[in-house]
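Participant: With the first letter of the sequence shown counted as 1, position 5 gets the number 5 in our numbering; the numbers rise by one all the way through.
Keep in mind that the hints are not guaranteed to be accurate.
[To be verified] In silico BS3-like links for lysine-lysine, alpha-carbon gap of 30 Å or less:
1) K71 to K35
2) K71 to K57
3) K57 to K75
4) K57 to K35
No lab work stands behind these hints: they were computed from the structure.
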Amino acid sequence: MGAGFFAPPHYTGIELLARFIPADIYEEIHILAQKYHWSREEILSLPNWERRLYIQKLIRDAERLERELEKEREKFSGGKGFGR
1 MGAGFFAPPH YTGIELLARF IPADIYEEIH ILAQKYHWSR EEILSLPNWE
51 RRLYIQKLIR DAERLERELE KEREKFSGGK GFGR
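Given the sequences, and given the hints that come with them, work out the whole structure.
Facilitator: Right, here's the structure in full:
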């Protein structure tokens, strides 16, 4: 691994989902406000199903990013993955 290269931890699909599925409304507010810069009032004005759709989109984006990072890990490790 070269100097300055950051390899984030590897998560399985289930671990990734567990990391990003909010446990309660406060986590939903935090995630959506952080990502979209919406106010608490704007977020709470959305129906539950619509907030969940945005959260699911963020999960899909995170999964896509994880797949892309895994491809990069394979390039740097000769296809074997880090520490494998």
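Participant: Work down the list of hints and note, for each, if the structure agrees.
Facilitator: Checked hints:
| no. | hint | in the structure |
| --- | --- | --- |
| 1 | K71 to K35 | 25 Å, holds |
| 2 | K71 to K57 | 21 Å, holds |
| 3 | K57 to K75 | 27 Å, holds |
| 4 | K57 to K35 | 11 Å, holds |
The structure fails none of the hints (numbered hints given earlier).
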